[in-house]
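Given the coordinates of chain A, assemble chain B onto it according to the supplied hints.
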Amino acid sequence: MKELSVAEFGRRLAHLLVSLFILLCVTFVIGRVLPTDPVGAIVGELADPAAYAAMRTRLGLDLPIYQQFLLYLNGLAHGDFGTAVLTGNPVSSDLAQAFPATFELATLAVIISTFVGVPLGLVAALFRDSVIDKVARVVALVGHSIPVFWFGIVGLVIFYAGLNWVGGPGRIDVFYEGLVTPQTGLLLVDSLLQGETEIFWNALGHIILPAIILAYAAMAYITRMTRSFTLEQLSQDYVIAARAKGVSPFGTIWRHVLPNIAVQLITILAISYGGLLEGAVVTEIVFSWPGIGQYMTNALMIGDMNAIVAGTIIVGFIFMLLNFLADVAYATFDPRMREAAQ
Amino acid sequence: MKHFSKSLFVGVVFGALTIAAPLSYAATPKDQLVIGTSLAQVLSLDPHQATEGKAVEIMSNLYDRLVNSTPDGKIVPQLAESWKIDDKGISFTLRQANFASGNPVTSKDVVYSLARLLKLDQAAAANLKRVGYDKTNVDKLVTAVDDKTVRIDFSGQVTAEMLLYRLAASTTSVVDSVEVEKHVTDNDWGNAWMRTHSAGSGPFTLNRWSPNELVILDANKDYVTGAPKMKRVIVRHVPESQVERLMLEHGDIDIASALTAADLATFKDKQGFTIQRIPTGGFYVLSMNAGNQYLSNPKVREAIAYGIDYKGIEKTIMGPYGRARNVPVPENFESAIPNPDWNLDVEKSKQLLAEAGFKDGFSLTLKTIAQTPRIDLATAIQASLAQVGIKIDIQQGNGSEIIAAHRARDFDLLIPQTSAYMPNVLGSMEQFSSNPDNSKEANNAGNFVWRSAWDIPELTALTAKASMEPDAKKRGELYVEMQKMFVEQKPAVLPMFERFEPIVLSSKVEGYVGHPTQLTRLENVTKTEAQ
Chain A
1 MKELSVAEFG
11 RRLAHLLVSL
21 FILLCVTFVI
31 GRVLPTDPVG
41 AIVGELADPA
51 AYAAMRTRLG
61 LDLPIYQQFL
71 LYLNGLAHGD
81 FGTAVLTGNP
91 VSSDLAQAFP
101 ATFELATLAV
111 IISTFVGVPL
121 GLVAALFRDS
131 VIDKVARVVA
141 LVGHSIPVFW
151 FGIVGLVIFY
161 AGLNWVGGPG
171 RIDVFYEGLV
181 TPQTGLLLVD
191 SLLQGETEIF
201 WNALGHIILP
211 AIILAYAAMA
221 YITRMTRSFT
231 LEQLSQDYVI
241 AARAKGVSPF
251 GTIWRHVLPN
261 IAVQLITILA
271 ISYGGLLEGA
281 VVTEIVFSWP
291 GIGQYMTNAL
301 MIGDMNAIVA
311 GTIIVGFIFM
321 LLNFLADVAY
331 ATFDPRMREA
341 AQ
Chain B
1001 MKHFSKSLFV
1011 GVVFGALTIA
1021 APLSYAATPK
1031 DQLVIGTSLA
1041 QVLSLDPHQA
1051 TEGKAVEIMS
1061 NLYDRLVNST
1071 PDGKIVPQLA
1081 ESWKIDDKGI
1091 SFTLRQANFA
1101 SGNPVTSKDV
1111 VYSLARLLKL
1121 DQAAAANLKR
1131 VGYDKTNVDK
1141 LVTAVDDKTV
1151 RIDFSGQVTA
1161 EMLLYRLAAS
1171 TTSVVDSVEV
1181 EKHVTDNDWG
1191 NAWMRTHSAG
1201 SGPFTLNRWS
1211 PNELVILDAN
1221 KDYVTGAPKM
1231 KRVIVRHVPE
1241 SQVERLMLEH
1251 GDIDIASALT
1261 AADLATFKDK
1271 QGFTIQRIPT
1281 GGFYVLSMNA
1291 GNQYLSNPKV
1301 REAIAYGIDY
1311 KGIEKTIMGP
1321 YGRARNVPVP
1331 ENFESAIPNP
1341 DWNLDVEKSK
1351 QLLAEAGFKD
1361 GFSLTLKTIA
1371 QTPRIDLATA
1381 IQASLAQVGI
1391 KIDIQQGNGS
1401 EIIAAHRARD
1411 FDLLIPQTSA
1421 YMPNVLGSME
1431 QFSSNPDNSK
1441 EANNAGNFVW
1451 RSAWDIPELT
1461 ALTAKASMEP
1471 DAKKRGELYV
1481 EMQKMFVEQK
1491 PAVLPMFERF
1501 EPIVLSSKVE
1511 GYVGHPTQLT
1521 RLENVTKTEA
1531 Q
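If you read the sequences in order, they're chains A and B. Position 142 of the first sequence, counted from 1, bears residue number 142 in the numbering used here, the numbering being contiguous throughout. Position 92 of the second sequence, counted from 1, bears residue number 1092 in the numbering used here, the numbering being contiguous throughout.
Everything labelled a hint here was simulated from the structure, so no lab data went into it. A hint or two may mislead.
[What the hints assert, rightly or not] Derived contacts from chain B toward chain A, CB cut-off under 10 angstroms, selection only: (1) GLN1041; (2) ALA1124; (3) ALA1404.
[Unchecked claim] If you want the footprint, here are the derived chain A segments under chain B, 3+ residues with CB under 8 angstroms: (4) 174-184; (5) 284-290; (6) 293-300.
Built from N, CA and C at the ideal position, the CB exists for glycine as well.
For reference, chain A alone in the conformation it holds in the complex (with noise of 0.2 angstroms):
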């Protein structure tokens, strides 16, 4: 059994590894022959010919698509993400400090939906066709239906600029700017380590909004998600078997569907993180969050290819890992794969 597990382990590292590969080949060669023109952004508009040639051959961008490509392996084996158009910074540390704002927000949205869409879920399918199933089904099919972008601008017209109960765009007050440095990128951990209470309050002011927001789609998923989960359970001889013995309606989701499920739902919350980092892009647009999805989107408007690859590359790595993980998760707990495997 246990010999068997690393190979499965193995075989399915191989995999998110050759996946990985074939999404850097891909995004190279589609960024590459876009018709963008770094060269331009850099040099401007009005550059001549000869600057504008030296700074392609500074570039590399002389060199025929496989050099290029060979070249940025070379570099990606070293570590080397290659330098930003936009900043001008190396892409890795461009992204270490974009990647942390998007954790951090991501991170709470992915705690929000499962705190809220787990029980809504549960609930929903023990009282079915309740008005409480009513309502969970129409919460979802709305967080479902609703652009991200929609709902942005109307919270904040709401909870911002109306009734002024959170902070605006950005991660922080901008008298705040530059006060709390930065040890893990992410906000509120920092102002908390450094004990800048005021600060952490402001910044959790701001990122309620937007995590909310961002949760929003992936709650309607996971709510969806749990309740057809439980209702599978909730047939089930064992839990019918249970009820007659006179297990309250709570005892019984907690000691018996609860442990059944766990895996299905590590695997839809897995799934939901990844989506949640990835989908991060246009709330940080509507929320100026300076995060990887800002960044990327202003990449991808000047031909930043150094920062899309890499971004892409970090995201799918991210979005791969997490679905890696939840398989293995699934493989380790579930014991009806376990007996399939032996």
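Leaving out everything else, chain B in the frame of chain A:
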């Protein structure tokens, strides 16, 4: 169950309130100016590299130049307290001033800065190169006479007045040579460092630039005319117009630019806000590729000029962004000629097409950057030209795609925009009227007219003559002649709308005067108490 759901609900509400309770949001502090805008195009804050408008606005507060131009177009002293013009050049006497580093500003810094500009040789150098200064002759033409005197000799292609205007541009900013030299790597003139740092003598210093997030400027307390009133200026990247509007209304920003026409309109007559419509002297242009089989024919170009509903578009789309005008010189400039009668005239346009041999019309593509107001402008042109039988297929793209197509002459029609770099006819018009070599081999992609393959030897010669004419009256006559010739030749770079930059200010802000070439200085801006 009922009990459970009720307590769950109460719990959630209570939780939400607890989170919300300790938060309170104040307006921007009185000693900090916060500007909301789009920083997406800002790629560098090196004055000898960056030319994008927003970058210029920031850099003009970090650096001083020898001279400055006022918003109404006068040349005034800045680092040079006086200058003497003779037959061969100009001698500038520098005032006592220090860089933010504490180093004194000397003539050596001025010479270094101009050499750096021309030797880095990027778009920022175009303005001086156009009149004969380049990396090969700068060391000879720009010299330090003594510590406080700089001599700039004429290149042979420029008059004193035209040179002064060019020296007032942000591209000729004077940098701290001692400081910059400390940061040179790979013979890059310190460019890698200068993109994200400042080494100037201006009223502010660069505290931080996080691309697409914010720029923080700190007051230079030792500025030569006294410390600025604002302790900090923060320029925030707010890419979404509606969000920017909310932030301005909420008091989180003091000045908003890059708003859409619809969001701007909400501030019209609204108490607590004022709208400034800053003229740029530039234009929204319809570039026609004269290398195209149809567009090479002047009659077709004239048919297009008669086929666009400028007035209608001005009213419905351009709003505060533009004013209909088909001569590349703002109508309030001295020596500007009246507009030709190229108003929408469907019959005349059809007739011209028939005369050109295209009675049944034809199809063209129109490329444009997907950006307010250009994208709506493209749609309106499409609808307007459809009436005369020209079918337009719109292709949208981002900045780098469209500019690349423009540089490569790879388009039929394209909508670029221009800016004037001097508040006079030449500053506005030169980029429309000069194309020294139209051949494909010349590959002069930095030239606006070359990109449209529009061959205009006579107009090019006349432009060169005007820029060399020292006598103001004669120059004025040449300016008129240039504009007339431009119209007669049925331009392949057709100006459509004079371009304005509308901004909205909170009434708390005082002393902010938008500059036509984005050299808006902020040292005298103040803020009153919250209203």
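Hint check results:
Nearest Cβ of chain A to the Cβ of GLN1041(B): about 8 angstroms, under the 10 angstroms cut. The hint holds. The beta carbon of ALA1124(B) comes within 7 angstroms of a beta carbon in chain A, closer than 10 angstroms, and the hint placing it at the interface holds. Hint status for ALA1404(B): holds, given a least beta-carbon distance of 3 angstroms to chain A, under 10 angstroms. Residues of the segment 174-184 of chain A with a Cβ under 8 angstroms from some Cβ of chain B number 4, which satisfies the need for three, so the listed coverage holds.
Given as covered by chain B, the segment 284-290 of chain A passes the check, having 5 residues with a CB less than 8 angstroms from a CB of that chain where 3 are the minimum. Three residues within the 8 angstroms Cβ limit are the bar, and the segment 293-300 of chain A against chain B gives 4, so the coverage statement holds.
Figure legend: structure checked against the earlier numbered hints; every hint is met.
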